[in-house]
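S.K.: Next come the chains, spelled out residue by residue.
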Amino acid sequence: MSVENAPVVDVDEAAIPVEKKMYYRFESNDKKEFRVSELAIQQSETLNRLVEAMGYTSEDVENKPAIAIENIDGKTLKLVFQWCEHHKGEAIPVDDGSVPKIVEIPEFDAKLMDIDNGLLFKLIWAADYLNIVQLLNVSCKKVANMAQGKTPAQLRRVYLLPSDEEDEAAKRAAQEAQDPRAREVEEEFEERKRQGGNSFF
Amino acid sequence: MSEFFKSNPMALRHCLLYKFLQKNAIEQVYSVFCMVIGYDVIKKEDFYSYSNQFDRGVFDINDDRGSITDMRDVLRSDKYALRACILYESLKYELTERVYKTLWPKSNSLAHKSNPIFSIYNYFCKVIGDDVMDYREFEFWFYRFLNGDFDLNYVRDKDKKTYELMDMPVVVMKNIVEYLDIFDRMKLAKTSQSLQTFVEDTKLLHHTLKLNISPYMATISFSSSVCIKYIREGKDCVKNYKKRETLIQNVSYWKQAFLDFKHFLKNPKLHLNTFFIESDVDNENVFDDLEDTLKFTHFLSVKNVFLVGHSWELLAKILPVLKPGYLKTINIDSHNPNVDSMEKVFETKQWKQAKYFKMDGACFIWPLRNLYHFKEVTIRLEKLSLEDVREMKEVLFNSSDFEKCSMAFSREIDMSVCEQEFGNLYHSPAPNSTDYFKIKVEDHHFEVTRRKR
Chain A
1 MSVENAPVVD VDEAAIPVEK KMYYRFESND KKEFRVSELA IQQSETLNRL
51 VEAMGYTSED VENKPAIAIE NIDGKTLKLV FQWCEHHKGE AIPVDDGSVP
101 KIVEIPEFDA KLMDIDNGLL FKLIWAADYL NIVQLLNVSC KKVANMAQGK
151 TPAQLRRVYL LPSDEEDEAA KRAAQEAQDP RAREVEEEFE ERKRQGGNSF
201 F
Chain B
1 MSEFFKSNPM ALRHCLLYKF LQKNAIEQVY SVFCMVIGYD VIKKEDFYSY
51 SNQFDRGVFD INDDRGSITD MRDVLRSDKY ALRACILYES LKYELTERVY
101 KTLWPKSNSL AHKSNPIFSI YNYFCKVIGD DVMDYREFEF WFYRFLNGDF
151 DLNYVRDKDK KTYELMDMPV VVMKNIVEYL DIFDRMKLAK TSQSLQTFVE
201 DTKLLHHTLK LNISPYMATI SFSSSVCIKY IREGKDCVKN YKKRETLIQN
251 VSYWKQAFLD FKHFLKNPKL HLNTFFIESD VDNENVFDDL EDTLKFTHFL
301 SVKNVFLVGH SWELLAKILP VLKPGYLKTI NIDSHNPNVD SMEKVFETKQ
351 WKQAKYFKMD GACFIWPLRN LYHFKEVTIR LEKLSLEDVR EMKEVLFNSS
401 DFEKCSMAFS REIDMSVCEQ EFGNLYHSPA PNSTDYFKIK VEDHHFEVTR
451 RKR
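Residue numbers (full-length UniProt numbering), protein chains in the order written: chain A, 1 to 201; chain B, 1 to 453.
Bear in mind the hints are in silico, worked out from the structure with no lab data behind them. Among these hints, one or two may not hold up.
As the list claims (entries may be wrong) - Restricting the straight-line Cα-Cα distance to at most 30 Å, the calculated cross-link-like pairs of lysine-lysine (DSSO-like) are:
| hint | chain 1 | residue 1 | chain 2 | residue 2 |
| --- | --- | --- | --- | --- |
| 1 | A | K78 | B | K158 |
| 2 | A | K101 | B | K375 |
| 3 | A | K150 | B | K126 |
| 4 | B | K303 | A | K101 |
| 5 | B | K126 | A | K32 |
| 6 | A | K171 | B | K269 |
| 7 | A | K111 | B | K269 |
| 8 | B | K269 | A | K88 |
| 9 | B | K243 | A | K150 |
| 10 | B | K187 | A | K150 |
| 11 | B | K203 | B | K187 |
| 12 | B | K235 | B | K269 |
| 13 | B | K160 | A | K150 |
| 14 | B | K352 | A | K111 |
| 15 | B | K344 | A | K150 |
| 16 | B | K160 | B | K174 |
| 17 | B | K190 | A | K32 |
| 18 | A | K150 | B | K106 |
| 19 | B | K375 | B | K323 |
| 20 | B | K404 | A | K171 |
| 21 | A | K150 | B | K174 |
| 22 | A | K101 | B | K126 |
| 23 | A | K171 | B | K174 |
| 24 | A | K150 | B | K190 |
| 25 | B | K161 | A | K150 |
| 26 | B | K303 | A | K111 |
| 27 | A | K101 | B | K23 |
| 28 | B | K79 | A | K75 |
Note that the coordinates shown come from a computational prediction; the quantities given were computed from them, not determined experimentally.
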């Protein structure tokens with residue numbers, strides 16, 4: 001099992017005469033382990049609630065198994081925790097939907113999100129799942145920025161958007177896959193064809 | 001990086017061909033090529049020799065199949081060759097980023113640009129061919145190389161679950177679409193029926209929409225940078241958008257502008273901060289057409305409306321289509337007040353529920369009681385009578401909403417009228433509150449402001 005430490009902002013610990021910093025251990029679905037500070041976890045509403053409910057002590061963190069995050073892989077989780085560590089202690093924005101959201105992408109975030117779309121969408125999915133509001137905001141803004149000034153054909157290429165025809169074909173295929181009778185009928189038809197029958201009925 | 005190319009001569013040759021296909025001046029190409037892959041990888045004479053060889057249609061001198069008609073086929077038919085070209089582009093991107101940071105250390109990285117990789121992809125397609133690789137594949141390899149994984153033979157795990165835009169939860173899709181402006185949304189809506197439905201169902205907050213109608217031209221402006229012009233050409237209209245001109249025959253310029261304007265406004269999810277209409281034509285037909293244009297089954301969600309024009313008819317025609325309560329500010333600049341149309345305006349919910357009113361150009365000739373529901377009023381009057389002052393004091397000073405009233409007068413104010421009502425103090429306590437009203441009177445200006453103690 002590999003242990004990946006998310007980068008932590010250097011702090012002169014001697015200058016802070018408070019209790020030892022609390023860390024939690026998390027494990028991705030591909031068994032990568034991360035140590036994340038308590039303050040960084042607060043950026044995620046989901047994880048924050050989870051660790052609060054668990055009420056772990058520092059000893060528990062070391063002795064008990066790492067908290068499993070089963071839906072997210074290590075590569076994505078590493079980005080998520082890097083972001084949380086960098087932005088720890090920052091206020092979580094509240095969106096009341098009344099005004100256009102003004103979201104600036106900081107340099108750190110821009111570099112963190114300089115990744116392929118496949119990974120970017122995984123990061124967005126993770127930010128939504130873990131309820132990290134500002135990470136979701138900046139990553140969605142990044143996706144929106146990619147659309148700027150593009151033609152519909154270019155948008156299809158960038159976002160891998162299906163056309164109406166492809167959409168329809170995919171729906172039909174999914175329906176057929178779900179309907180065993182349709183598959184049976186098709187198989188029977190193929191079998192009769194093989195046997196030389198011209199007509200199904 | 002030099003070592004990789006020294007031990008991968010075929011990848012080097014594919015990169016050389018890729019550079020050659022870009023048809024740039026050879027001297028310049030050599031120096032850029034060396035900057036990207038390393039100075040000790042290929043000698044200048046070898047570089048020139050390859051260039052001549054490619055020019056003759058020969059990729060490999062040991063291949064006796066004769067010259068190749070289209071050298072792009074060498075790259076197109078070989079996935080490893082294509083990857084080598086992407087590797088070259090990723091190295092160039094990295095170099096550009098480094099140079100950029102050296103020259104402008106305080107500026108943001110290239111990653112801040114809207115989508116630099118897509119521009120590189122477009123260039124790659126332009127050089128080799130439009131359909132050699134889809135964008136997602138290109139991007140995958142590009143970032144892999146950028147992260148230092150140079151294995152051209154890597155096999156992708158196609159079974160691994162990948163995420164696309166259309167896999168995102170609805171709340172995420174809404175978040176993304178809300179950052180798109182009106183134009184980008186229209187383009188996204190054109191990609192498929194399902195996205196069209198989705199885009200139309202997402203709240204659209206737009207800052208300013210401005211319509212200007214003059215005797216020879218109409219313009220629709222969405223921001224300082226996006227503007228569509230409709231120019232009068234006899235009975236026809238010339239539409240000018242992004243330096244592209246289109247002639248629309250037998251349609252008046254304003255009708256065409258209104259048609260497009262209606263197209264933007266018809267979205268019931270559109271929320272406009274500022275709706276600005278400016279008209280210096282005095283043509284009844286134009287106003288009637290505008291009234292027809294603004295007929296929708298829904299109210300337009302507009303926060304601030306600004307009207308500038310010859311006629312006050314404009315206000316009477318526009319106000320009823322705006323959402324009552326959502327409309328906060330009414331701002332009008334006109335020289336010809338129309339008594340009848342304003343009587344209709346005063347009866348509308350939109351007028352009664354608006355909070356701020358500002359008028360320029362002409363005097364307010366109607367009873368002042370039509371203004372007392374506003375939080376803030378800025379108007380011009382002919383004169384101030386004792387009755388006006390008494391009524392104002394009676395109504396405004398008992399209103400919990402009222403904040404400021406600013407009036408300019410054509411005739412000099414009779415100070416005795418004010419002093420009779422307010423005394424010499426020019427301060428008056430607000431009833432049932434610790435606030436007070438500050439009253440400022442000058443020769444042609446009268447102002448009352450609610451202040452906190």
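S.K.: Each hint should be assessed against the structure and marked as holding or not.
M.R.: A quick look at each hint next to the structure:
| no. | hint | result |
| --- | --- | --- |
| 1 | A:K78 <-> B:K158 | holds, 22 Å |
| 2 | A:K101 <-> B:K375 | holds, 27 Å |
| 3 | A:K150 <-> B:K126 | holds, 17 Å |
| 4 | B:K303 <-> A:K101 | holds, 17 Å |
| 5 | B:K126 <-> A:K32 | violated, 41 Å |
| 6 | A:K171 <-> B:K269 | holds, 28 Å |
| 7 | A:K111 <-> B:K269 | violated, 34 Å |
| 8 | B:K269 <-> A:K88 | violated, 36 Å |
| 9 | B:K243 <-> A:K150 | holds, 17 Å |
| 10 | B:K187 <-> A:K150 | holds, 8 Å |
| 11 | B:K203 <-> B:K187 | holds, 16 Å |
| 12 | B:K235 <-> B:K269 | violated, 35 Å |
| 13 | B:K160 <-> A:K150 | holds, 29 Å |
| 14 | B:K352 <-> A:K111 | violated, 51 Å |
| 15 | B:K344 <-> A:K150 | violated, 46 Å |
| 16 | B:K160 <-> B:K174 | holds, 26 Å |
| 17 | B:K190 <-> A:K32 | violated, 42 Å |
| 18 | A:K150 <-> B:K106 | holds, 29 Å |
| 19 | B:K375 <-> B:K323 | holds, 18 Å |
| 20 | B:K404 <-> A:K171 | violated, 61 Å |
| 21 | A:K150 <-> B:K174 | holds, 19 Å |
| 22 | A:K101 <-> B:K126 | violated, 37 Å |
| 23 | A:K171 <-> B:K174 | holds, 23 Å |
| 24 | A:K150 <-> B:K190 | holds, 12 Å |
| 25 | B:K161 <-> A:K150 | holds, 27 Å |
| 26 | B:K303 <-> A:K111 | violated, 37 Å |
| 27 | A:K101 <-> B:K23 | violated, 45 Å |
| 28 | B:K79 <-> A:K75 | holds, 26 Å |
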